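Using the hints, position chain B against chain A.
As given, the protein sequences belong to chains A and B, one line each in that order.
At the far end of the first sequence sits residue 353, using our numbering, and the numbering has no gaps.
At the far end of the second sequence sits residue 156, using our numbering, and the numbering has no gaps.
Keep in mind that a hint or two might mislead.
FRET-style restraints, in silico, Cβ to Cβ [claimed, not checked]:
id, chain 1, residue 1, chain 2, residue 2, range
1, B, M113, A, T72, 43 to 51 Å
2, B, V145, A, G113, 51 to 59 Å
3, B, E22, A, V314, 23 to 31 Å
4, B, S117, A, A321, 13 to 21 Å
5, B, S117, A, I21, 33 to 41 Å
Covered stretches of chain B (in silico footprint by chain A; criterion: 3 or more residues with CB under 8 Å from a CB of chain A, positions within the stretch not fixed) [unchecked claim]:
id, region
6, 64 to 74
7, 101 to 108
Think of the hints as simulated: they come from the structure by calculation, not from any bench.
None of the values given here were measured: they were computed from a predicted structure.
Every residue, glycine too, gets a C-beta built ideally from N, C-alpha and C.
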Amino acid sequence: MPVRSMKSRRIMALLALTSIILITLDLQGSSATRALRSTFGTIFRPIESVTRVVTRPASNAWYGITHYNDVTAENELLREKIAQQEGAAVAAAASVRLSQELLALNGLPTLAGINSVSAQVIGDSPSNFVQSVEIDQGTESGIKVGMPVLNAAGLVGKITQVFANRAVVMLITDPQYALSVKIINTPKPTTTTLPLQDPATAVTVVSVPETIDPQVTIPPVAVTSNIAGFTPGSIVAPRTPIISSSLTIPPGSNVSVRETGVLEGRGAGRVPTVRFIDTAQRFGVVQAGSPIVTAGGSLSLAPPDIVVGTVSRVRERLGTAGPLLEIDIVADLSNLSFVRILLYQPITERTAP
Amino acid sequence: MLVSLLLLGLQTTVLNDMRPFEVMLPLMLLFAVAAGTIYGSEVGAISGLIIGVMYDMVLSTPLGLASLVFGATAFVAGMLPYFIREPTWWTRALTIGVVGALGELAFPIAQSMVGFSGQLQPRVIVVIGLVAVAGTLGAPLLLLVCRWTLKETLVG
Numbered sequence: 001m002p003v004r005s006m007k008s009r010r011i012m013a014l015l016a017l018t019s020i021i022l023i024t025l026d027l028q029g030s031s032a033t034r035a036l037r038s039t040f041g042t043i044f045r046p047i048e049s050v051t052r053v054v055t056r057p058a059s060n061a062w063y064g065i066t067h068y069n070d071v072t073a074e075n076e077l078l079r080e081k082i083a084q085q086e087g088a089a090v091a092a093a094a095s096v097r098l099s100q101e102l103l104a105l106n107g108l109p110t111l112a113g114i115n116s117v118s119a120q121v122i123g124d125s126p127s128n129f130v131q132s133v134e135i136d137q138g139t140e141s142g143i144k145v146g147m148p149v150l151n152a153a154g155l156v157g158k159i160t161q162v163f164a165n166r167a168v169v170m171l172i173t174d175p176q177y178a179l180s181v182k183i184i185n186t187p188k189p190t191t192t193t194l195p196l197q198d199p200a201t202a203v204t205v206v207s208v209p210e211t212i213d214p215q216v217t218i219p220p221v222a223v224t225s226n227i228a229g230f231t232p233g234s235i236v237a238p239r240t241p242i243i244s245s246s247l248t249i250p251p252g253s254n255v256s257v258r259e260t261g262v263l264e265g266r267g268a269g270r271v272p273t274v275r276f277i278d279t280a281q282r283f284g285v286v287q288a289g290s291p292i293v294t295a296g297g298s299l300s301l302a303p304p305d306i307v308v309g310t311v312s313r314v315r316e317r318l319g320t321a322g323p324l325l326e327i328d329i330v331a332d333l334s335n336l337s338f339v340r341i342l343l344y345q346p347i348t349e350r351t352a353p
Numbered sequence: 001m002l003v004s005l006l007l008l009g010l011q012t013t014v015l016n017d018m019r020p021f022e023v024m025l026p027l028m029l030l031f032a033v034a035a036g037t038i039y040g041s042e043v044g045a046i047s048g049l050i051i052g053v054m055y056d057m058v059l060s061t062p063l064g065l066a067s068l069v070f071g072a073t074a075f076v077a078g079m080l081p082y083f084i085r086e087p088t089w090w091t092r093a094l095t096i097g098v099v100g101a102l103g104e105l106a107f108p109i110a111q112s113m114v115g116f117s118g119q120l121q122p123r124v125i126v127v128i129g130l131v132a133v134a135g136t137l138g139a140p141l142l143l144l145v146c147r148w149t150l151k152e153t154l155v156g
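Just chain A, with the same shape it has in the complex:
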């Protein structure tokens, strides 16, 4: 059937060309492809809803067979954790409130000042190679592309596609996800030897990490005296000799040191990593268990101080590359049910008017 074969080939070539054009348009962010997806979604949602209802018994049976033991063990563990956390939650809430009040008092931005929308996770990504979930809120609730998504534990991801009443959230484990974060490293306290000084001119000293050599020489400095009765001029202060008596820095004055890096997802089954850490002397050696929060900034995908996770492992690298940190995410991305979308849009995701 040569005529029919030619017709089939023409149709095949036309469809292939259409696919290539669609790929090109979508990669350039065309509104036509978004409209096409939205229209298809409107047509497909009723079919999907009916299918979900019909197949729910099969899905529940599957979960019951494969996850029963895990669910019971997790239930017992969670009961125990809830009991432990009840007391800590009260103290933490008081601290957070105090922190927000202090920030607001000083005119600094806080998470409490950002509106949010709650949503329910209604589905995972129907693909083995994309880490995303779908939620039941969209543009009608004020959600836009780029907005950060959290759950009760911490950061979950960001909005990558949004429709009228649903949206797609890219999880932080997706290889396409990257975010500037801060690692809060608390350096170990140390004792510093200082020369004796006049109490009237004593200065406050902050403890330094162990990596810094405490042997410091003090060069002569020029000091201007403004005491009444003396001719104004410069007086060279004598070089102060180092005396053997020492000052022990009292506990509690150790200030947490923060260093920024970039968090990158590495796909399903692999923990995200943080790199571009500058191991400055002040920052010191990264400690396992150090908390990681979002860095914020005008170009960041999320506002500052959203909990992301903790450092689980530090992998040193040769040269000036700096350490590579593997992190434990606080949010359980495999069991997402309810999430919160911060109505915060970074400058990089805002569309031109």
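Chain B alone, transformed into the frame defined by chain A:
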């Protein structure tokens, strides 16, 4: 089209939830491959391109990417008669399993070509292995549905 919509509904609901070893079985891809093994490369490619576009609508990858992958995979599956003159049902089943697995492997490769890198990981081996097994075992049902769906539109 209606059958494809139903298959897409199954793909996004029950198959999305039921993931053996955290792997989702690509029913849409396997259906396109089944069409190719029965009716040849051209019909398979056309089916794959259309089914792929519908699948693209529910993904966050570029629109048209799955369409090209499915079309190419189904085209390859349609070349079965070039290797086996009169394929039996179990040769078709094996073809669906193997070619389906190759198609699932082609998807992250195609993603990398358009700039979505990072998906080619050791886990892909588990994915394609399970897809091959699932495709081979589910092939008899897929072939049945495919014949029933496409026989009205094809003459001779």
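Each hint, compared with the structure:
Hint check: B:M113 to A:T72, Cβ distance near 45 Å, so the stated range 43 to 51 Å holds. Restraint check, B:V145 to A:G113: a C-beta distance of roughly 55 Å satisfies the suggested window 51 to 59 Å. Remark: the range hint 23 to 31 Å for B:E22 to A:V314 is upheld by a beta-carbon distance near 28 Å. Checked against the hint of 13 to 21 Å, the pair B:S117 and A:A321 passes, with Cβ atoms roughly 20 Å apart.
Separation of B:S117 from A:I21 is about 23 Å and departs from the stated range, judged on CB atoms against 33 to 41 Å. Coverage of a stretch by a chain is defined here by at least three residues with a beta carbon nearer than 8 Å to that chain's beta carbons; for the region 64 to 74 of chain B and chain A the count is 5, and the condition holds. Given a C-beta distance limit of less than 8 Å, the hint that chain A covers the region 101 to 108 of chain B holds, as 3 residues qualify and 3 suffice.
The earlier numbered hint that this structure contradicts is number 5, and it is the only one.
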